[in-house]
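Let the hints inform the model, and build the full structure from the sequences given.
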Amino acid sequence: AQSVSQHNHHVILSEAASLELGCNYSYGGTVNLFWYVQYPGQHLQLLLKYFSGDPLVKGIKGFEAEFIKSKFSFNLRKPSVQWSDTAEYFCAVNNRGYQKVTFGIGTKLQVIP
Amino acid sequence: GAVVSQHPSWVICKSGTSVKIECRSLDFQATTMFWYRQFPKQSLMLMATSNEGSKATYEQGVEKDKFLINHASLTLSTLTVTSAHPEDSSFYICSAMGSGGAGVKTQYFGPGTRLLVL
Numbered sequence: 001a002q003s004v005s006q007h008n009h010h011v012i013l014s015e016a017a018s019l020e021l022g023c024n025y026s027y028g029g030t031v032n033l034f035w036y037v038q039y040p041g042q043h044l045q046l047l048l049k050y051f052s053g054d055p056l057v058k059g060i061k062g063f064e065a066e067f068i069k070s071k072f073s074f075n076l077r078k079p080s081v082q083w084s085d086t087a088e089y090f091c092a093v094n095n096r097g098y099q100k101v102t103f104g105i106g107t108k109l110q111v112i113p
Numbered sequence: 001g002a003v004v005s006q007h008p009s010w011v012i013c014k015s016g017t018s019v020k021i022e023c024r025s026l027d028f029q030a031t032t033m034f035w036y037r038q039f040p041k042q043s044l045m046l047m048a049t050s051n052e053g054s055k056a057t058y059e060q061g062v063e064k065d066k067f068l069i070n071h072a073s074l075t076l077s078t079l080t081v082t083s084a085h086p087e088d089s090s091f092y093i094c095s096a097m098g099s100g101g102a103g104v105k106t107q108y109f110g111p112g113t114r115l116l117v118l
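Chains as they are written, first to last, in my numbering: chain Y, 1 to 113; chain R, 1 to 118.
To be clear, the hints were calculated from the coordinates, so they are not data collected in a lab.
Treat the hints with caution; some may be incorrect.
[As the list claims (entries may be wrong)] Straight-line Cα separation of at most 35 angstroms, DSBU-like style, residue types lysine-lysine; simulated pairs:
(1) Y:Lys49 / Y:Lys108
(2) Y:Lys49 / R:Lys66
(3) Y:Lys100 / R:Lys41
Please read these numbers as outputs of a predicted model, since none were measured by experiment.
Laid out in structure tokens, this is it:
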């Protein structure tokens, strides 16, 4: 069964700091990868996704993620965070050809002005 | 595009009653809808997957007779919590995935329904 690990459960950064959130998955086959964000009081929104092609994926609001197949990783990055990035971030993976998506436990990001 | 709504956003009910939660895809046809439960400080737990016109597929440990799912149309799925008990209190979230266009291969989430059973 697929499993997703997010290593940082709670991250606190100052504005303008760089961000990298780790995500690793267990299944070695072909996968689709996602990062979702949940702002306080709001529902989950898609931040970015990777299905195939360029392993460096750019999403909304200046976020990007890099798929490294050899490391089973899909880390999320942003060069300079803003207070408005305070939210919970979920990594998700589904095995290509299957509908079920497995989510990580989430990382709460707090950005201090 | 790819907007999913849920109704109600929160509900309080007495133990033993049934509660129905609706999930609608507003601007695309959702061939597949998913129902999740989110516990505090935990990730989303998939309860079941429903394909339009078919019976839902439940995850291990989820009682299908307690959590009735109906996906009667390409834009509507319902989750009915039957004979609700306090331990069913939780945050229920649906997502929808389309067969083409913006919704293809990606799940879009509703805002969730908070259920409190007294």
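(message) Going through the numbered hints above, which ones does this structure break? Give me the numbers in ascending order.
(response) none
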